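Novice: Taking the working numbering, the leading residue of the sequence shown gets 4, the next gets one more, and so forth.
Label-pair ranges, simulated between beta-carbon atoms: (1) Gly111 <-> Pro7: 30 to 38 Å; (2) Ser44 <-> Lys133: 32 to 40 Å; (3) Gly111 <-> Met275: 43 to 51 Å; (4) Asn169 <-> Asn67: 33 to 41 Å; (5) Pro235 <-> Gln195: 27 to 35 Å; (6) Asp40 <-> Ser246: 35 to 43 Å.
These are computed hints drawn from the structure, not numbers from a lab. Computed from a prediction, not measured in an experiment: that's the story for all the values here. Glycine residues also receive a C-beta, built at the ideal position from the N, C-alpha and C atoms.
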Amino acid sequence: RRSPCQNNLRQIGVGLASFESVNKKWPPGKKWSGPPDDPTSFTLAWSSILLPFIEEKSLNDAINFRLPFTDPANLPATTRLIAVYLCPSTSNVEEHRTEDGHLINLGGLPGEGLACIDYLGISGPDKDAKHPITKQPYGRQRGVLIGTKGMPLEPEATEPPPITSNKIVDGLSRTMCVSECTGRGVAMDNGQIDALHGAWASGNNVTHVKHGINEGKIPKAWYEERIRSDHPGGAHVVMCDASVQFMSDETDKKVLFWLASRDGHEEITDAML
4 RRSPCQNNLR QIGVGLASFE SVNKKWPPGK KWSGPPDDPT SFTLAWSSIL
54 LPFIEEKSLN DAINFRLPFT DPANLPATTR LIAVYLCPST SNVEEHRTED
104 GHLINLGGLP GEGLACIDYL GISGPDKDAK HPITKQPYGR QRGVLIGTKG
154 MPLEPEATEP PPITSNKIVD GLSRTMCVSE CTGRGVAMDN GQIDALHGAW
204 ASGNNVTHVK HGINEGKIPK AWYEERIRSD HPGGAHVVMC DASVQFMSDE
254 TDKKVLFWLA SRDGHEEITD AML
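Whole structure, please, built from the sequences with the hints as guidance.
Specialist: And the structure:
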């Protein structure tokens, strides 16, 4: 059942390319509704910003983007499943997610019933990963769908600096922007719910690449938002040219770092993919 998943990701890739064509920049991976230090501010991720570009304009229009996605006024929209955001091969799900893809048993936290997503934005390689040429750490936000963490003016910035296609100097076909992370529900920390990052409306639906494909066991792989799937032998990633690659579990982790970087000038050959 890889083909339907691949089609979903291709549609997401085309949607991202359409967003870039209209806005002359890629969507932020994560941005704030207002000043980050304002307790009423909340985060938005690429997966909610992209709705009009994946044939979900009516759903987009039903959301009040001035309110959190967990607000009762938004729940009729944000609890709706989006077929293109769900991998049909998902068989393992986090304990706070139903088999059809809704968050449950949140212990009174707002967001009960939020609809889930099996795909994850990539903000770049892990900040401590070493660049193959300079041997220096990549640092934060070196990918395409980036956030504000670790960036200049982080305490005040509501969104990251714009990423335009001419900043993806490694080439659109050699830079990944979205991957699978199927089955996510919530993130847990010391037995407590830490984030509702498995929901498409969550502002936390973006990660950096630190581990290999399908490396490590669930639920830790979900909580750490690693590239994973229930497809035998690997997982899909979306490149910035909207192509979709099935990457083997055996893919060298350093190749994933290189693909996650937009401007590292790494030498990536077809044989590595």
